[in-house]
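K.L.:
As a plain string of letters, each chain reads:
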Amino acid sequence: MTLPETPKGTGEWLRGEGPEVDIVISSRVRLARNLSGYRFRNSCDREENRRINDTVRSVVISANLGEDLIYYELEPMNMIERDYLVERHLISKEHAEAEGPRGVAICSGEALSIMVNEEDHLRIQYLQSGLKLSETWDAINRVDDLLSERLDFAFSPTLGYLTACPTNVGTAMRLSVMMHLPALEWTKQLRKVFKAVSKMNLAVRGLYGEGTRASGDFYQISNQVTLGKSEGEIIAIVDSVVRQIVRYERKVRQALLTQNRPNLEDRIWRAHSMLKGARIISSEETMSLLSSLRMGVNMGVVKDISIKTLNELFLETQPAHLQKSHGREISVRERDVMRASLVRKRLAEN
Amino acid sequence: MLCQECKKRKATVRVSEMQSDGTHKEIHLCEECARQYGISLKFSFNEVLGNLISSQLGIPVKDAQAKCPNCGLTFEEFQSSGRLGCPHDYETFKANLIPMIERVQSGLRHVGKAPRDVGRIYEREQEVVRMQKELDSAVACEDYEKAAEIRDRIHELRKTARTGDAGESPELRDTEERP
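Each protein sequence line maps, in turn, to chains Y and X.
With my numbering applied, the first sequence covers 2 to 351.
With my numbering applied, the second sequence covers 14 to 192.
These are computed hints drawn from the structure, not numbers from a lab.
Incorrect hints may appear among the rest.
[To be verified] Partial selection, computed: residues in chain X whose CB lies under 8 Å from chain Y:
#  : residue
1  : 14
2  : 15
3  : 19
4  : 100
5  : 103
6  : 112
7  : 113
8  : 118
9  : 119
10 : 131
11 : 137
12 : 152
[To be verified] Derived lysine-lysine pairs resembling DSS-like cross-links, with alpha carbons at most 30 Å apart:
#  : chain 1 : residue 1 : chain 2 : residue 2
13 : X       : 23        : Y       : 193
14 : Y       : 196       : X       : 20
15 : X       : 80        : Y       : 200
16 : Y       : 189       : X       : 107
17 : X       : 21        : Y       : 193
18 : Y       : 200       : X       : 23
19 : X       : 20        : Y       : 94
20 : Y       : 200       : X       : 107
21 : Y       : 189       : X       : 20
22 : Y       : 189       : X       : 21
23 : Y       : 196       : X       : 80
Note that the Cβ used here is the ideal one computed from N, Cα and C, for glycine as well.
Please take these sequences and the hints and turn them into a complete structure.
P.N.:
If you want it as structure tokens, here you go:
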């Protein structure tokens with residue numbers, strides 16, 4: 002199955018609304034679940050993996066999770082289509098690059114996605130715009146309830162939900178809050194933040210999760226502990242740490258405005274002109290310039306561009322998105338030209 | 014001193030990283046690598062797990078060759094992949110896994126959500142594992158007739174697990190409202 006026409010704009014989670022959205026891009030909750038009576042994915046042969054994929058697919062389709070639910074098989078997809086889903090945060094890199102029968106169900110305006118046969122049989126994720134961990138947990142908890150009406154998940158009364166990797170055992174819940182921290186990055190305060198975060202047993206990751214580099218000053222804060230604390234306790238810890246980082250970033254932004262305004266404005270307006278004038282631009286440079294511009298808009302320095310447009314550009318300028326919208330594989334050089342032209346066009350529309 | 018990460022630039026940043034066993038490890042990095050430090054794969058929790066288990070945690074491994082009767086995985090294989098083979102591995106490798114889990118987690122008892130039918134699910138899982146052991150010994154004794162019989166019983170038992178074709182229950186239809 003191939004993907005339908007490239008959707009216009011972004012998923013719900015990038016629409017740029019919600020609490021603290023100038024700094025917190027999105028809140029994500031992910032649950033790992035495995036079918037009871039089966040081995041974990043890595044130990045299964047192709048036939049077993051096919052059976053698991055078929056079973057979960059039929060349940061997911063019939064479980065009333067959302068009217069717009071579509072199940073995509075990943076095996077028949079080409080790499081551009083898989084990368085496109087990774088860029089939209091609907092599947093992981095590992096899921097895109099794995100082999101064997103596997104798929105992903107997507108619904109609720111891309112807020113809900115269920116990866117099937119990733120490292121665990123099911124990886125359910127719910128993604129919302131802004132800082133909304135409790136609401137996101139409520140939403141995913143309902144999905145989990147609906148699925149567990151029809152599927153028996155591997156569970157031990159002492160260890161909780163059993164997962165392929167023992168670091169996920171227990172709640173099998175991973176929260177990820179994506180934050181935009183340009184001011185802390187510029188003023189070299191991030192190391193301090195990371196140190197404090199790791200003391201709280203939380204992890205900091207790049208834009209596309211584990212093992213990825215920071216790009217455009219985006220960082221994901223996640224919990225590491227999954228056993229010995231309830232979902233509510235884990236949410237409370239992450240929420241409070243994220244709120245502290247938000248306050249810190251705001252304070253530094255304010256300090257930049259009052260103490261270093263020319264430098265700050267120079268950086269923002271240079272980014273603005275570069276994006277409006279560039280004819281060839283890499284993905285990395287685009288991210289970095291869009292990041293400065295995003296901060297400029299949020300601080301009221303730049304007034305004629307909306308956050309929604311910038312969020313869309315962050316996504317549409319990614320390699321697989323560019324290639325998908327042109328329906329073919331495109332060389333890096335060609336992409337850099339296309340990217341520059343797309344950015345100029347979108348910023349001129351504003 | 015050269016950066017321990019890129020081994021090219023001069024190390025200007027000293028990072029003290031707390032290990033899971035509470036000790037601190039010092040790493041010398043250049044500014045560029047230090048910036049990526051907090052998000053680098055090399056230091057990610059899951060990735061280092063494989064090493065943590067045996068070496069850094071200093072937990073002596075017991076009987077690394079023992080095989081899980083359900084999936085055939087040995088603890089040694091788990092150490093290299095960091096991934097378990099089946100839910101029963103938590104029981105099989107208990108002696109090795111529990112000390113490791115204890116050090117990276119916040120306790121040894123799950124206090125979060127549980128599926129509604131937890132008792133039934135757990136009992137069935139135990140039964141499958143018990144029969145799998147019977148199956149293995151039947152095969153070892155070359156009693157293939159008995160082995161086939163047990164295999165059928167396991168198959169039947171698995172069928173009693175809900176896999177979505179059990180029909181729609183009325184309360185499910187009432188929960189159409191999605192966020």
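K.L.:
Okay, which hints does this one fail, numbers in order?
P.N.:
1, 2, 3, 6, 12, 15, 16, 23
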